[in-house]
Amino acid sequence: AQSVTQPDIHITVSEGASLELRCNYSYGATPYLFWYVQSPGQGLQLLLKYFSGDTLVQGIKGFEAEFKRSQSSFNLRKPSVHWSDAAEYFCAVNDYKLSFGAGTTVTVRA
Amino acid sequence: GAGVSQSPSNKVTEKGKDVELRCDPISGHTALYWYRQSLGQGLEFLIYFQGNSAPDKSGLPSDRFSAERTGGSVSTLTIQRTQQEDSAVYLCASSLRDAGLYTQYFGPGTRLTVL
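Note that the protein sequences, when read in sequence, are chains U and R. Position 27 of the first sequence, counting from 1, maps to 27 under this note's numbering, and the rest follow consecutively. Position 12 of the second sequence, counting from 1, maps to 12 under this note's numbering, and the rest follow consecutively.
Worth flagging that the hints you see were computed from the coordinates, not collected in a lab. Nothing here was measured: the structure is a model prediction, and the numbers come from that model. Hints are not guaranteed to be accurate.
As the list claims (entries may be wrong) - Straight-line Cα separation of at most 35 Å, DSBU-like style, residue types lysine-lysine; simulated pairs: (1) U:K68 x U:K49; (2) R:K57 x U:K49; (3) R:K15 x R:K57; (4) U:K49 x U:K61; (5) R:K57 x R:K11; (6) R:K17 x U:K49; (7) U:K61 x R:K11; (8) R:K57 x R:K17; (9) R:K11 x U:K68.
Unchecked claim - Restraint ranges, calculated between C-beta atoms of paired labels, are given here: (10) U:D54 x R:T13: 46 to 56 Å; (11) U:S52 x R:S7: 11 to 21 Å; (12) U:T105 x R:Q84: 18 to 28 Å; (13) U:A110 x R:S58: 26 to 36 Å.
Stated by the list, open to error - Derived contacts from chain R toward chain U, CB cut-off under 10 Å, selection only: (14) S38; (15) L43; (16) F45; (17) G51; (18) R64; (19) F65; (20) A88.
Yeah, the Cβ is synthetic: ideal placement off N, Cα and C, and Gly gets one too.
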């Protein structure tokens, strides 16, 4: 069965600093991987997705993620964080239904 | 175009009452999913529909939970005899097809509170 682990429950970062959120997956075949973001009281918004090909994928809001098969990882990065990036971030693997990690809450300090 | 919509946005009910939650998927999306988000359990899959059929109901927590989809469009999730542990945010998503490479688009959710 597929599963996703997000090791960091909460990350605090200064505005303008870089951000990296970790995600490890367990899946038998080529994984379809997604990152979603959830702002307070909102639904889930797709940031980016990986299906195949280039291991570095670009998403919305300046986010990117790198797929590393050897490490079973799909880490999310942003070079310079804005206060509006404060939210909860979910990594997920999809084999027709999504299996989510526990999420990482990002706090941005001024 | 219009995204996934859900109603009501908030529902407060008393223990033992029945509730119905509604989902309107993106037009043309054949796959529709229900997930539950709660503090203790995170985001959990409940059920999904391909057209009007539900090939996977494995996530429904008890027989008090049921769902249907009509006309390949609107879906209703029904919880009978609600319990306090049913309090959660219920999220609906839809995608073009029911395969891993198709993106699921989420609605804003229904926050259910059982008193």
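The hints, checked one at a time:
no.: 1; hint: U:K68 x U:K49; in the structure: holds, 14 Å
no.: 2; hint: R:K57 x U:K49; in the structure: holds, 26 Å
no.: 3; hint: R:K15 x R:K57; in the structure: holds, 24 Å
no.: 4; hint: U:K49 x U:K61; in the structure: holds, 14 Å
no.: 5; hint: R:K57 x R:K11; in the structure: holds, 23 Å
no.: 6; hint: R:K17 x U:K49; in the structure: violated, 40 Å
no.: 7; hint: U:K61 x R:K11; in the structure: holds, 32 Å
no.: 8; hint: R:K57 x R:K17; in the structure: holds, 23 Å
no.: 9; hint: R:K11 x U:K68; in the structure: violated, 42 Å
no.: 10; hint: U:D54 x R:T13: 46 to 56 Å; in the structure: holds, 48 Å
no.: 11; hint: U:S52 x R:S7: 11 to 21 Å; in the structure: violated, 37 Å
no.: 12; hint: U:T105 x R:Q84: 18 to 28 Å; in the structure: holds, 25 Å
no.: 13; hint: U:A110 x R:S58: 26 to 36 Å; in the structure: violated, 45 Å
no.: 14; hint: S38; in the structure: violated, 12 Å
no.: 15; hint: L43; in the structure: holds, 4 Å
no.: 16; hint: F45; in the structure: holds, 5 Å
no.: 17; hint: G51; in the structure: violated, 14 Å
no.: 18; hint: R64; in the structure: violated, 21 Å
no.: 19; hint: F65; in the structure: violated, 16 Å
no.: 20; hint: A88; in the structure: violated, 14 Å
Going down the numbered hints, you'll see the structure goes against 6, 9, 11, 13, 14, 17, 18, 19 and 20, while the others check out.
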